[in-house]
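Model the full structure from these sequences, guided by the hints.
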Amino acid sequence: MITISHVNKWYGPTFQALKDCTTHVGKGEVVVVCGPSGSGKSTLIKCVNALEPIQGGEIIINGTKVNDPKTDLPKLRSHVGMVFQHFELFPHLKIIDNLCLAQEKVLGRKRSEAMERARVLLERVGLKSQAQKFPGQLSGGQQQRVAIARALAMDPIAMLFDEPTSALDPEMINEVLDVMVQLAHEGMTMMVVTHEMGFARKVADRVIFMDQGEIVEDANKDDFFGKPRSDRAQQFLSKILSH
Amino acid sequence: MFANFDTHVITNNLSYLFLDGMRFTLILTALSTVTGVFLGTLLTLMRLGRWKVLAAFSAGYVNFVRSLPLVLVIFWFFFLVPWIAMWMTGGSRPIPVGAFMSAFITFTLFEAAYFAEIVRAGIQSIPKGQPSAGYALGLRYWQVMGYIVLPQAFRNVLPVLLTQIIALFQDTTLVYVLSATDFLGAADKIAKRDFRQFELYIFVAVVYFLISFAASYAVKRLQKRVAIIH
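Protein chains in written order, with the working numbering: chain A, 1 to 243; chain B, 1001 to 1230.
In case anyone wonders, no lab produced these hints; they're calculated from the structure. Cβ atoms here follow ideal geometry from the backbone N, Cα and C, with glycine treated the same way. Be careful, since some hints might not be right.
[What the hints assert, rightly or not] Mimicking BS3-like on lysine-lysine, the simulated pairs with C-alpha atoms at most 27 angstroms apart in a straight line are:
1) Lys19(A) with Lys1128(B)
2) Lys1128(B) with Lys133(A)
3) Lys1224(B) with Lys70(A)
4) Lys202(A) with Lys27(A)
5) Lys65(A) with Lys27(A)
6) Lys94(A) with Lys110(A)
7) Lys239(A) with Lys227(A)
8) Lys1220(B) with Lys65(A)
9) Lys1128(B) with Lys70(A)
10) Lys65(A) with Lys105(A)
11) Lys1052(B) with Lys1128(B)
12) Lys19(A) with Lys221(A)
13) Lys70(A) with Lys94(A)
14) Lys70(A) with Lys1220(B)
15) Lys94(A) with Lys1052(B)
16) Lys133(A) with Lys1052(B)
17) Lys75(A) with Lys65(A)
18) Lys133(A) with Lys1224(B)
19) Lys94(A) with Lys1220(B)
[Unchecked claim] Here are a few chain B residues that sit away from chain A, every Cβ distance over 12 angstroms (derived from the structure):
20) Thr1033
21) Leu1042
22) Lys1052
23) Phe1064
24) Val1081
25) Val1097
26) Gly1129
27) Tyr1147
28) Val1149
29) Ile1165
30) Ala1214
31) Ile1229
What follows is the structure, encoded as structure tokens:
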């Protein structure tokens, strides 16, 4: 579904953010990307739907090359859902309109059709009663669930999550993770940048560990948690799991 | 001093003052605002866009216009626009365009530079994640601007924008250099005809004050109503 091969990315002429990154996410697979801050994991996931350009290598989603100038990026992105660390709901639009905007403007759905889809998804994330509110009136956890529903409204073939729980208060993390777990069980293809190792243990098929722009470890979940091969991954795990 | 204040010179000429003068002023203000904000937004999108040449042109234009006195530009354009019109239509003599058209073009071009700076501040106040979220949903550049960035940007700078429009409303009095009949011009003509400068200038000042003051008050009310809940 998502193939990332030999991707290189620089910020400016000197700082290399991604170094020869190669991996893939199969259909229906859940891949968790973890690593210390500054390791390039968020950058990698932003490159997948070309929110950040890459300077070398290639990324292919469902047969379409992302970093090809001829690719219709907006069309490609409309099939790939993305959830951001800071939710990025549109604060000037009601919740229902946050869910309908792209359905109508990108997919060309009728208002009634978009509303229907939005209601179903809001119900699914447990926020049906909030449809007429503005994002600023919701808690962080609620906003992030709306953001997931907004992405799902486009009927994506895959979902990208960029640290979806990092900006949340601790008591709100689980309500978001529950929605993500449910999605994973339904067979959604997911690439998730997160520090939530509990989530990784529960639903991940594979875990990718990054450090200093490199993919250091790319292993099945059980291998990763059981016996990580690299020292750096071992150290990271011991720090993150010890409390 | 106010003992021989003649109110009749005002009440007898209300229709000329308002239906001719104030109408000219309000239409000029409204039209210049619409086209000025539109052009200013375009200048800002050029300035923040990818193309270096357009960005440089926009920055140059804004800085150039903002360093000129408005009254000079009004004067200058009044004499220049006929020549431009001649050149554009390929005619053999300058085509007079009239005080209103000339003033309208001047205010549009001049105010666009100020509006551009206001809109730019508004756009730059929007976190980068907002357009990213729009693009991630498959929206295109103009959709991201039109549905996500600009609606928020305009709300954020609405008070400054409306204050600038009030300033524009006051600045339209400068068309007196073209002898145009705006509100001040109309009053001035009556004043000179009837030798009643004192009454009319007081009246003009009061009217400008009341309209501007009411508008400022309305701005504050409106600002609360459209504010984004964060």
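Going down the list of hints, with the structure as the test:
1. Restraint check: the Cα-Cα separation between Lys19(A) and Lys1128(B) comes to about 25 angstroms, which is no more than 27 angstroms; the hinted pair holds.
2. Proposed proximity of Lys1128(B) and Lys133(A) is supported: the alpha carbons are some 23 angstroms apart, at most 27 angstroms.
3. As the CA atoms of Lys1224(B) and Lys70(A) are separated by approximately 46 angstroms, the hinted pair breaks the 27 angstroms bound.
4. In summary, the hint linking Lys202(A) to Lys27(A) is supported, as the alpha carbons are separated by about 18 angstroms, within the 27 angstroms threshold.
5. For the proposed pair Lys65(A) and Lys27(A), the alpha carbon gap of about 17 angstroms is at most 27 angstroms, so the pair holds.
6. Among the hinted pairs, Lys94(A) with Lys110(A) is consistent with the structure: their alpha-carbon atoms are about 18 angstroms apart, no more than 27 angstroms.
7. A threshold of 27 angstroms between alpha carbons decides the hint, and for Lys239(A) with Lys227(A) the separation of about 15 angstroms falls inside it, so the pair holds.
8. A threshold of 27 angstroms between alpha carbons decides the hint, and for Lys1220(B) with Lys65(A) the separation of about 51 angstroms lies outside it, so the pair is violated.
9. Between Lys1128(B) and Lys70(A) the alpha-carbon distance is near 25 angstroms, which keeps this suggested pair within the 27 angstroms criterion.
10. Proximity of Lys65(A) to Lys105(A) is assessed by CA-CA distance (about 24 angstroms); at most 27 angstroms being required, the pair is judged to hold.
11. For the proposed pair Lys1052(B) and Lys1128(B), the alpha carbon gap of about 20 angstroms is at most 27 angstroms, so the pair holds.
12. Distance restraint check for Lys19(A) and Lys221(A): the Cα-Cα separation of roughly 23 angstroms lies within the 27 angstroms cut-off, and the hinted pair is therefore satisfied.
13. Restraint check: the Cα-Cα separation between Lys70(A) and Lys94(A) comes to about 35 angstroms, which exceeds 27 angstroms; the hinted pair is violated.
14. Restraint check for Lys70(A) and Lys1220(B): not satisfied, since their Cα atoms lie roughly 49 angstroms apart, outside the 27 angstroms limit.
15. Distance restraint check for Lys94(A) and Lys1052(B): the Cα-Cα separation of roughly 37 angstroms exceeds the 27 angstroms cut-off, and the hinted pair is therefore not satisfied.
16. Distance check on the hinted pair: Lys133(A) and Lys1052(B) sit about 41 angstroms apart at the alpha-carbon level, beyond 27 angstroms; violated.
17. Restraint check for Lys75(A) and Lys65(A): satisfied, since their Cα atoms lie roughly 12 angstroms apart, inside the 27 angstroms limit.
18. For the hint pairing Lys133(A) with Lys1224(B), the CA-to-CA distance comes to about 17 angstroms; that is within 27 angstroms, so the pair holds.
19. Pair hint Lys94(A) plus Lys1220(B) holds up; C-alpha atoms about 23 angstroms apart against a cutoff of 27 angstroms.
20. For Thr1033(B), the non-interface assignment is confirmed: its Cβ lies about 22 angstroms from the closest Cβ of chain A, beyond the 12 angstroms cut-off.
21. With a least beta-carbon separation of about 21 angstroms from chain A, Leu1042(B) lies farther than 12 angstroms from that chain, consistent with its non-interface assignment.
22. With a least beta-carbon separation of about 17 angstroms from chain A, Lys1052(B) lies farther than 12 angstroms from that chain, consistent with its non-interface assignment.
23. No beta-carbon of chain A is positioned within 12 angstroms of the beta-carbon of Phe1064(B); the least distance is around 32 angstroms.
24. Remark: the non-interface label on Val1081(B) is consistent with the geometry, its nearest Cβ contact in chain A lying 39 angstroms away (cut-off 12 angstroms).
25. Residue-level check passed: Val1097(B) sits 40 angstroms from the nearest beta carbon of chain A, beyond 12 angstroms.
26. Non-interface status of Gly1129(B) relative to chain A is broken: a Cβ of that chain comes within 12 angstroms, the nearest being about 4 angstroms off.
27. The beta carbon of Tyr1147(B) is not kept farther than 12 angstroms from every beta carbon of chain A, the shortest such distance being approximately 6 angstroms.
28. For Val1149(B), the non-interface assignment is contradicted: its Cβ lies about 10 angstroms from the closest Cβ of chain A, within the 12 angstroms cut-off.
29. With a least beta-carbon separation of about 21 angstroms from chain A, Ile1165(B) lies farther than 12 angstroms from that chain, consistent with its non-interface assignment.
30. Remark: the non-interface label on Ala1214(B) is consistent with the geometry, its nearest Cβ contact in chain A lying 27 angstroms away (cut-off 12 angstroms).
31. Ile1229(B), annotated as away from the interface, has a beta carbon of chain A within 12 angstroms; the closest lies near 3 angstroms.
Going through the hint list in order, the structure does not satisfy hints 3, 8, 13, 14, 15, 16, 26, 27, 28, 31.
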